[in-house]
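Could you slot chains A and Y onto chain V? The hints should help.
Protein chains in written order, with the working numbering: chain V, 184 to 447; chain A, 124 to 447; chain Y, 294 to 649.
Calculated from the structure, these hints are not laboratory results. In this text, all values refer to a predicted model and were calculated from it rather than measured experimentally.
Calculated cross-link-like contacts (lysine-lysine; reagent style DSS-like; alpha-carbon spacing at most 27 angstroms):
#1 Lys-275/V - Lys-433/A
#2 Lys-344/Y - Lys-231/V
#3 Lys-457/Y - Lys-296/A
According to the in silico footprint, chain A covers these stretches of chain V (three or more CB under 8 angstroms from chain A):
#4 206 to 216
#5 294 to 306
#6 319 to 329
A virtual CB, placed ideally from N, CA and C, is assigned to each residue, including glycine.
One-letter residues, chain by chain:
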Amino acid sequence: MNETVSPLLKVVVGIILLIVVAPLVVPLLMSISDTPFIVFPPQGFTLKWYGAVLANPEARASFLFSLELAAIVTGVSLLLGVPCAAGLTRFKLPGQDAILGLILSPLIVPLIVTGVALLQLFAMLGSRATLLQLVIGHTVVCLPYVIRSVSASLLLVNRNLEDAASVLGAPPHIVATRVIWPQVRPGILAGGIFSFIVSFDDYPISMWLADGNHFPVPLYLYTVIERSFDPSIAAIASLMIFFALLLVLVIEKVFGLSLARLAS
Amino acid sequence: MSRADIIDVTASSSPDLRAAREIPEGWISRLAGKAWSLLSGRYTGYLLVAPTVLFLAAWFLWPVLTMVYLSLTAHSVDGVMVEGFTLENYIRLFSSDLYFRILMRTIRIALMTSLFAALFAYPLAITIARGGPTLARLVTITILAPLLVNVVVRSYGWQTILNKTGALAWVLKLLGVSNPPVLLYTEWAVLIACVHVYLPFVVMPLAGAIGRIDRTVEEAARVAGATRFSVFLRVIFPLSLPGLAVGVSLVFSLSAAAYVTPQILGGNFSPLLGTLIEQQILTLNDWPFGAAISTLLIAMVLASNLIFLKLVSRRFARWTAGAR
Amino acid sequence: MTTLSRRTFGKLALGATTLAAPMGFTRNGWAQGKEIQIGIWGGSQGEFVKKNIIPAFEKDFGCKVTAEEGFTLANVGKMRATKANPKFSVMFIDDVAIPICKTEGLIDQLPSADMPALANLYPRFGFDGWGTALAISVASMFHNTSITPPGSYADLWKPEYAGKLKLVSPKNTPSVFFLIVAAAVKSGKPFAEAQYLVDDSFDKVAALKPNIMNLFDNGPQAAAEVAQGQAEIGLLELSKYIYPYTAKGAPVTMSFPSEGSFAGNNCQVLVKGAPNKDLAVAFMNRMIEPAVQKAFSEYALTAPPVSGIEFSAETLKYIAYPVEEMDKRGLFTPDWEYINAKRSGWTEKMNGIFAV
Chain V
184 MNETVSPLLK
194 VVVGIILLIV
204 VAPLVVPLLM
214 SISDTPFIVF
224 PPQGFTLKWY
234 GAVLANPEAR
244 ASFLFSLELA
254 AIVTGVSLLL
264 GVPCAAGLTR
274 FKLPGQDAIL
284 GLILSPLIVP
294 LIVTGVALLQ
304 LFAMLGSRAT
314 LLQLVIGHTV
324 VCLPYVIRSV
334 SASLLLVNRN
344 LEDAASVLGA
354 PPHIVATRVI
364 WPQVRPGILA
374 GGIFSFIVSF
384 DDYPISMWLA
394 DGNHFPVPLY
404 LYTVIERSFD
414 PSIAAIASLM
424 IFFALLLVLV
434 IEKVFGLSLA
444 RLAS
Chain A
124 MSRADIIDVT
134 ASSSPDLRAA
144 REIPEGWISR
154 LAGKAWSLLS
164 GRYTGYLLVA
174 PTVLFLAAWF
184 LWPVLTMVYL
194 SLTAHSVDGV
204 MVEGFTLENY
214 IRLFSSDLYF
224 RILMRTIRIA
234 LMTSLFAALF
244 AYPLAITIAR
254 GGPTLARLVT
264 ITILAPLLVN
274 VVVRSYGWQT
284 ILNKTGALAW
294 VLKLLGVSNP
304 PVLLYTEWAV
314 LIACVHVYLP
324 FVVMPLAGAI
334 GRIDRTVEEA
344 ARVAGATRFS
354 VFLRVIFPLS
364 LPGLAVGVSL
374 VFSLSAAAYV
384 TPQILGGNFS
394 PLLGTLIEQQ
404 ILTLNDWPFG
414 AAISTLLIAM
424 VLASNLIFLK
434 LVSRRFARWT
444 AGAR
Chain Y
294 MTTLSRRTFG
304 KLALGATTLA
314 APMGFTRNGW
324 AQGKEIQIGI
334 WGGSQGEFVK
344 KNIIPAFEKD
354 FGCKVTAEEG
364 FTLANVGKMR
374 ATKANPKFSV
384 MFIDDVAIPI
394 CKTEGLIDQL
404 PSADMPALAN
414 LYPRFGFDGW
424 GTALAISVAS
434 MFHNTSITPP
444 GSYADLWKPE
454 YAGKLKLVSP
464 KNTPSVFFLI
474 VAAAVKSGKP
484 FAEAQYLVDD
494 SFDKVAALKP
504 NIMNLFDNGP
514 QAAAEVAQGQ
524 AEIGLLELSK
534 YIYPYTAKGA
544 PVTMSFPSEG
554 SFAGNNCQVL
564 VKGAPNKDLA
574 VAFMNRMIEP
584 AVQKAFSEYA
594 LTAPPVSGIE
604 FSAETLKYIA
614 YPVEEMDKRG
624 LFTPDWEYIN
634 AKRSGWTEKM
644 NGIFAV
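Bound-form chain V, shown alone (with noise of 0.2 angstroms):
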């Protein structure tokens, strides 16, 4: 079945994805140190810090904000989106290679300058709408990867299928729900978990657009660093490492997804 895959290939694999794994797993080390501050290697075991975060309220609000916000720009970002890359795939448009630009630009423009220039906007108009005001900011950034992801599925999809369905007489939703959805899904669902991800693990953005109210997770963790530098910042980073797992696992187990289409 593998006989593409030679053993010395897999050996290789197995070596860089040990690299890959390595750091992620000195914060799972550091979280279960018994000591008042972070030593490495651990000394002692306790799970002690895990029970300081996860009953601490802090750190539960700023969770459940990401994960709320995550969610709307996630949606945002399919919305418009999942229509724009189907413009630009299935469409010739005069300046099509502008639009295509400006969707990418915001991925090389740094994130810190996107950020201020936006407060700045919405302080101009006036904005008190924090949530709004982040949603905008992540959807910019999230938006890039949602087209790049869709695009590259609908680029894809198998013309003559199309073809073959409409000569057999099937009508254009049947055609679009039948034979063009299930090669696009994939892409779309990949785009969507990319856009949640960036979303939740956004800092330069967020930094400048959040409030006491509306904090997410990694300015959380960067007060937590400041406060004290003891195991609890290893017990948040261990647990969001889990959560992310268990993201990618459920959606795995619920889509059957094709994950390598993540970041086609």
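Okay, now just chains A and Y, sitting in the frame of chain V:
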């Protein structure tokens, strides 16, 4: 079954009509169908693209252009903005060799990150595209994991590995290296961390591209007696170039704008342009100069992306012509 | 009540009870239902403000105070970006930024008539009415307890410290203190004169480079590394970031070389055009009331800017108080107006030395 799974994963082919028919018809599908039939209209293309374009024009282009405009204004020494236009910030940027050297370092790190990411990406991408479904999933989830972990946490993880009593020193000592080098607080540490997190951005499109390569070509080459390596060199590599181009240009852009990693892992000895931007905006309150450095960074990334894509598409045309 | 594991609950409970019962309070009906946004620092100070001072204040005034944790520089940036339409009413910033905010027109003078607690403020922490200090910490050198720190900063240039020092990055305010130290070591003059000689002292700064392991941005993290023995000495950091570790038993503490130490003044300012200004002023007054200051100082291990507070001997180990003690220790506050004008150029020179 397992093969079909992977085919879906890597988009090497499309699911057939039989699979498509299994989706039940309901209001969702009818709605989607309505939406889809709209697509035949004349202005539909514009209608589809317009919301996103307007959104980005209002909430991205406009504020960012305001910042670029800011780079053309002055900022007096005591932190007060002054009215009127000036090229002062750009003159300052180009008259000191400090900024030129940091620009060069930014380009160097971004290039090396792209190069190493590409190097590590091939074995991973081939495994995803050609290995069994379990293996493909394992690889995919593992390389995506760093993206899910906050940059600060990741950086501290690396710090613990790379410092003088860290895991790397320990492994090297076991291997008999008597005086292992300390990579922490050098450019190498920055490079390692950048490759680590941006790897999936190359692997994913690459896996997609490799998955799309017709296996019969490879098999034919193998039957004709080609070694695995020459199959890679003559078939896989040239045909995967478009995927590589997408990934590498993204990695280049992202690593050029990195600013947290150079601080924590580079020990501030090797700042990149992003670090300087943060310094100007946060510490020195000199937004105009920060905006000027940002404009320089944006211009550099745009230019290199263009050059790079041109280069790759020309090569690709030549190689694929040769391969046929 | 809280889930703080890092400090004794007793101390916290004590602080909370003192705060909840301010002396002779009349009901503040005028503030009912009003809301203000304030920008505070992170760190243990921010934690205390959020968990103790604000809840008590909200209860007394029937109002809502939303606090966002940030740090001085971002706080100034936020004030600037929202200047046309202020969002925040009170900002916590370091003294270094007060002249900047003043010249840019970001802050207002305090209405001293409405702030009775100003009576106890030491005049030097009043900034001509443009704000008040809230907490004073000492900036100096910190070291691993296994080594004997040098008695003078001049010794740090010796080759025996090669690769063993951590230096604060130009991003942070104490970086300026280091430049003044370098100028003082080179010229042999006291800090007050040396601060005007920094421009000619960058050769001395460059000479220290071989001894520097890295430039750090994050004080607590640098303290943790020194405690782990990755480096021997850190230059320079505010005591509020180091002593919480020392108090917890980590092998790291501070030392005070013969040249003297610096005062790190955490302050509060009133944003120009502040929404609900009256409530903002009441909050600022609350921040410097003696009961609040005592609990706040004991929690964060900083000295209060007001007179007449009694501390235990244990607390006095970590803070320089009262003001006579600050003078005795030679706590130096730089000429920020002069330095702010120079800082951009100095940072560029620091980058030129360490970044290429």
